[in-house]
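*Asks:* These protein sequences, in sequence, are chains W and Y. Note that the UniProt record's numbering numbers the first sequence so that position 45 is 45, with each residue one more than the last. Note that the UniProt record's numbering numbers the second sequence so that position 84 is 84, with each residue one more than the last.
Bear in mind the hints are in silico, worked out from the structure with no lab data behind them. Check before you lean on any hint, since a few could be wrong.
[Said to hold, decoys possible] Residues from chain W shown here face chain Y by an in silico Cβ test under 8 Å; the list is partial:
hint, residue
1, 1
2, 69
3, 81
4, 84
5, 96
6, 113
7, 116
8, 127
[To be verified] Quick list of the computed label-pair ranges, beta carbon to beta carbon:
hint, chain 1, residue 1, chain 2, residue 2, range
9, Y, 8, W, 72, 26 to 34 Å
10, W, 118, Y, 73, 19 to 27 Å
11, Y, 85, W, 74, 35 to 43 Å
12, W, 72, Y, 69, 28 to 36 Å
13, W, 136, Y, 50, 19 to 27 Å
14, Y, 49, W, 72, 15 to 23 Å
Just so it is clear, CB atoms sit at the ideal spot from N, CA and C, and this is done for glycine as well.
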Amino acid sequence: MKTHAIALAAGVLFGFGLALSHMADPNKVLAFLDILGGWDPSLTLVIGGALAVFMPGFAWLRRRPRPWIGDTFHLPARGAIDRRLLGGAALFGLGWGLAGYCPGPALAALTFNPREAVIFLLAMIAGGLLSRLPGLPSRQRRRRMYHR
Amino acid sequence: MPAPFAAIVDFTPATALAGGLLIGLAALLLLAGIGRIAGISGMVHGLVAGEGGGWRLSFLLGLVAGAGLYVTLWPADLPARQGFPTLMVVVAGLLVGLGTRLGSGCTSGHGVCGIGRLSPRSLAATAVFMATGVIAAVVLRHGLGIGP
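Put together the whole structure using the sequences plus the hints.
*Replies:* In structure tokens form, the structure reads like this:
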């Protein structure tokens, strides 16, 4: 129950932040990515602001044995920088720049731009399932528990 | 063709920074509280794949609620985008879904949490999706003539 309360509270903060920063507005995102138009640098401050909190916070957390709830921090292992990672990131960026949505903002946009958001999210789920097609670079199990 | 970064428009530094700080705080709360990384694409794909842990659903519901709270307080601030081609939204969604699955993350998981942890994989992925995002947005607006 506490787990859900913490996850819910973090989600509320996250969603409110996406809306307040206007990162949930696809035209704001496109105005950031389109460096040849009138350039809107606002999103550098969104990511910069998030890092300004998360980076020192993470450095502090590293010295703690475990989260408040649960036995361990679930962090991705330091795997290789491989074709699957870079190819996937390249495809993700193309999709991001073609409509102005990444996953979090698309969910936030359900509240003010539901038609586009629903279409985007359904296509996104379908795209995720496409990753199971044969011939694509296979998924390594990289997740591991992290004790520190 | 105009020079890159020639004109800065619509810059909203205060709300961008404030929203970014909230996003960073949310990611820190999720990690400190239940030991989980705030990667939105991973949560969505994980839910679709039936991976356990209702915390994903709680966070995502909170995200939508947080954005909804903002939209309720300031309804005129985030207008719905009109007239953007549906086909482009579908193509973008497919690319984002496939790309984030193959690349193990999106703007939140790699761009904020991964960079905040100084993960080499996330630094590489973020550099790649920023670059292809810029290319796609420039082609969208100046090549295809879509969007403002």
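*Asks:* None of the hints should be skipped; say for each whether it holds.
*Replies:* Each hint, compared with the structure:
1. 1: violated (10 Å)
2. 69: holds (5 Å)
3. 81: holds (5 Å)
4. 84: holds (5 Å)
5. 96: holds (5 Å)
6. 113: holds (4 Å)
7. 116: Where the cut-off is 8 Å and the nearest Cβ of chain Y is about 6 Å from residue 116(W), the hint holds.
8. 127: holds (2 Å)
9. 8(Y) to 72(W): 26 to 34 Å: violated (45 Å)
10. 118(W) to 73(Y): 19 to 27 Å: holds (23 Å)
11. 85(Y) to 74(W): 35 to 43 Å: Cβ of residue 85(Y) to Cβ of residue 74(W): about 39 Å, so the range 35 to 43 Å holds.
12. 72(W) to 69(Y): 28 to 36 Å: holds (32 Å)
13. 136(W) to 50(Y): 19 to 27 Å: holds (20 Å)
14. 49(Y) to 72(W): 15 to 23 Å: holds (21 Å)
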